[in-house]
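Knowing the structure of chain A, use the given hints to seat chains B and C on it.
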Amino acid sequence: MKNKLFHVSRRPAMPWWKSLLIRVIAIALALVVCAVVTMLFTGENPLNVFSAMISGSFGTSRKIWATLQGIAILLCVSLAVTPAFRMRFWNVGGEGQILMGGLACAACMIYFGDVVPNWVLILMMTVSAIVAGAIWGGIPAIFKAKWNTNETLFTLMMNYIATQLVAYFCNIWDKKGSGIVGVINPATEAGWFPVLGGQRYLLNVIIVAILVVFVYIYLNYSKHGYELTVVGESEKTARYVGIKVEKVIVRTMLLSGALCGVAGLLLVGGTDHSISTTIAGGRGFTAVMVSWLAKFNPVVMIVTSFILVFLERGSSDITSKFGLNKSFSDILTGIILFFIIGSEFFINYRIDLVHNTEKEAK
Amino acid sequence: MMSQIAFYFSRAIQQGIPLLFGSTGETLTEKSGNLNLGIPGVMYVGAISGVIGAFFYEQSGAALNPFLGVLIPLLCSLLGSLIMGLIYSFLTVTLRANQNVTGLALTTFGVGIGNFFGGSLIKISGADVPSLALSQTSAFFRTKLPFADSLGWFGEMFLSYSFLAYTAIIIAFVAAFVLNKTRLGLHLRAVGENPKTADAAGINVGRYKYVATCVGSMIAGLGGLYYVMDYASGVWSNDGFGDRGWLAIALVIFTIWKPDIGVLASILYGGVYILAINLLPTGGIAAVRELYKALPYLMTIIVLVITSMRNKKENQPPESLGLAYFREDR
Amino acid sequence: MSEKTPVIKMRDISKAFGSKIANDKVWLDIYRGEILALLGENGSGKTTLMNMLSGIYFPDEGEIYIDDKPVTIASPKDAFGFGIGMIHQHFKLVDVLSATENIVLGLPGKLDLKGAREQIKKICDTYGFDVNPDRKIYEMSVSEKQTVEIVKALYRGAEILILDEPTAVLTPQETDKLFNVLRAMRDDGKAIVIITHKMHEVEALSDRVAVLRHGHFVGDMLTKDTNAQEMTNMMVGRPVVLNIDRPEPKDPKPRIEVKNLTVRDMDGIIKLDNVSFTANTGEILGIAGISGCGQKELLEAIAGLQPVESGTVTYIEDDGKREELLGKDPLAIQNMGVALSFVPEDRLGMGLVGNMDLSDNMMLRSFRRGKGLFADRKTPHKLAEKVVHDLEVVTPSVSTPVRLLSGGNVQKVLVGREISEAPTVLLTAYAVRGLDINASYMIYDLINKQKEAGVAVIYVGEDLDVLLELSDRILVLCGGKVSGIVPGRGAKKRDVGMMMTRLGGTKDEK
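Protein chains in written order, with my numbering: chain A, 1 to 362; chain B, 1001 to 1330; chain C, 2001 to 2510.
Isolated chain A, as found in the complex (with noise of 0.2 Å):
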């Protein structure tokens, strides 16, 4: 007969330092490949491509603020996919809401520039962000409450719609013809966020930090958070303190939609003030990830987003210092993460030597 060398059973709990250091052996070791990956690409010193990423990040203060202003964006989307995932509702529509939410900013800035004071203006390219982005994800949302329809799937079809719907009004608004939007209201600046204290980016912190404030609390001491993670773990417990799910399900989904329309509004009223299909770039799938590392917690999403946008910037710096093509980040992200996701095995799982003697003795 056949004997399995290992047992694999599911452990109850870890103390959070072990862990912890679990995952920071992951992150080592994943750093580990990446530095061979790197050295056979360009012949170098890992400990050169290391400082190389490190000065890619943080080498001047121009840097560090760029840095920042990647994190506050990607923990932004993170922050907004949260209450949906918390309620296993998997959103990966962040794309799409984030493009809607910019979207409607971008209309907003395109044709009531001149219009309407500033502040006006502002304001309404902040609800309008807001609620584009809460309907994209209030529809799937919709669908689920009432006929469970599939949201990964959902919410996944919805951010190429948001895509095409981008790429018509970029066409649109182009005087050029080349679909590209430029700078909007290079001249006026109207729509554009105010710059604090000399720094472009520092609004956009600002924001993101007090969202995350918003988030942790929303989740953990509402009666909204609390509802949505009851619905999460079992909707039969839920129904039965008569808590009304389809409502929980639609309600935190705008929420997730508004948040990542509140990222679209960032990126296009404080950062490019501009707009085009690429936005986005890929943070609404990046999020998920921020979100899952981080088990849901916005405060250690700071740490994951932290990581994350380190290795993108960080490793885009190297490929071009080193003279790789600036994809090799994509390579050395996907690496680190799957160390990361295969790590939470370890965490999650006991696994014993099964001592043979005793049955082969038979």
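FYI, nobody ran anything at the bench for these hints, they're computed from the structure.
All clues given are correct.
Cβ pair distances, simulated, as ranges:
#1 B:Gly-1061 / A:Glu-189: 52 to 60 Å
#2 C:Arg-2135 / A:Asp-272: 54 to 62 Å
#3 B:Ile-1285 / A:Glu-189: 27 to 35 Å
#4 B:Ala-1063 / A:Asn-45: 37 to 45 Å
#5 B:Thr-1094 / C:Gly-2349: 28 to 36 Å
#6 B:Ser-1233 / C:Gly-2349: 57 to 65 Å
#7 B:Ala-1063 / A:Asn-48: 39 to 47 Å
#8 B:Ser-1003 / A:Asp-174: 29 to 37 Å
#9 B:Ser-1233 / C:Arg-2135: 50 to 58 Å
#10 A:Leu-21 / B:Gly-1206: 24 to 32 Å
#11 A:Leu-29 / B:Asn-1204: 28 to 36 Å
#12 B:Arg-1327 / C:Asn-2233: 37 to 45 Å
#13 A:Val-33 / B:Gly-1061: 28 to 36 Å
#14 A:Asn-48 / B:Gly-1061: 30 to 38 Å
Because the structure is a prediction, the values reported are computed rather than measured.
Where is the CB? At the ideal position from N, CA and C, for every residue including glycine.
Leaving out everything else, chains B and C in the frame of chain A:
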């Protein structure tokens, strides 16, 4: 008129073939209960692996042999996508990682691999345009049936494709046959629907998931290979493959997990794309074409909604889709 | 009969799960052409023992012999190989596949559905089964699914058939049908084992009975040589003397009035048929019946969780004001000021959230309290500490997820929360299932205290002895109908048992 119809019809098929490969592969994968959102990445890797093979074969300086010119890229492509399938299976089946997150990471990784090696090859080849042309090997891939040209519109509509296109259709029908008529297919469906029951019936759940995911990845990877070697005439340009991987996932839903329907549905998707690009009226506003391009996704959503509303058991996603299986869980 | 040799011999079989010993050096013999009833209380290790024959578990120690040859059964596949087929309580069937596809699932060789269908027909004809081989599982009733499971085992050439509490989900008519089939199989020379804790099934069906208690083998004998009393004593380990307090109800007044309640499940099968009764304050109304006779639907209908076809459920306040509860969800009922507590059968799937800690679970009932957007987390935390203290819940802390607690402690948490709401109505379903004696008595005690506080208690139970000792009145359900309502004091177990199986309990046979 007839020749025009034939022309657009054949364009629709050529658009549809990469999607057909992708959706057949993903259907097999999903039937085992694995929702592989890494398929877009897998298809990029399938494409670039073939390109790498072809590139070095062309660069080797040997006299090019049509047979090897096809075989080498084909094997490279299969190997590349197999590795991607193994990564996904190892993480989700052996390590029971979250399938959504793993899939998305795999897409990031795969698209990165594609564009990185693509970009590097472009650099090595020293081209002054940001693309890489593999005209010789591509020509081998694009060999048509010998009598296609002599049969007018009929020839163009049905016989003017390369062997990979026919392979896609054959694979789809074979997949449908295997799923519905063989014990292997029955067991695979059981694994995706109810792994506990399958396990109790003595079916090796893990092995089925691994094999289905890896074979599925290899088939999907061929879609990438077809795109670059045939549809794009051997020209690799970064991000050229676009969002076809997601479209392939959409197609899986659209066909309600039936590969034989996929043959027609992929032509329909291709046709809608061709219509959107070339034929549908725009009222003078070119931008409207961008809206038309959303049609396949909209169609998919409608199918998704209708199947969930009708709630017919047979048309639902496999019951355990997206869930990791662990025997000792209750 | 005495010269027979057993087809299966289990010797010194032990199995432990962590620190819990499920089987301890168990001996068991199974004979061809016999129906063996494996009898024991919940948690006595019957199912575990049989799972070791069917390859689900592997024994830690001990030997299994088939026809006197030692064998190793490491997987369900091995078990099929030895001709052992087991029908589990939770059917192992794939919903979207047809009966035939399910039956051939996992077998080697070329797929020949046509041939399989014919063979299935043949098996059905031999033993009198009624199965449509092309029907999808999800279209089938529970009893049809069970039949498919049995046919599946026979199709695989099972000579030894094990059924785990097969009648738990069947109506009396279906049970009779099943028993006939099992007898036919026995007469065909097969060995049959049925796991049960129901005495009347043992008497009606089995040739031999083996008794387990707390994982130990107590003994076996021919059914005709024993009687219910002896078997019960063996099962429980001592003459059953339950001694549960039953204070006289004080000033009972109608609280819940159910009239002509009719409920159908999602498949349109009637679950409750024209049920009427009244539950009084300060009184325990016991609900008896074979499981699946509508108890769950009855409680859920009162609690606002079950759509109802017709009838009324009226709540009567102290001042005689009447309010209709039907058509309202639990929140609406709560908002009306009706303090209704419900301890459901599915503790971790419905009553509690397994992944949440004790204090978060306390919040389930109270999180809406108070104005504002924020939920009060202090009061539930204090309540959790109080419940842990008062009910002696064994837990590392109040911030431990409840799924990590043992069954008895989970139930204490649930009951503790439900009675902390100062209910006027308390519904409990199988409140002591899976609990040890001490925990059970604590629960009885808590329920009695509620009764003394004037609460109208509706207690659904499966242990007739307890129902008879605890209840002031007993409503007996039979196939969704009220078979009768009898006073708890002085009721005879035999009579109530009769009423459970036949409407009104009339003994027309004798």
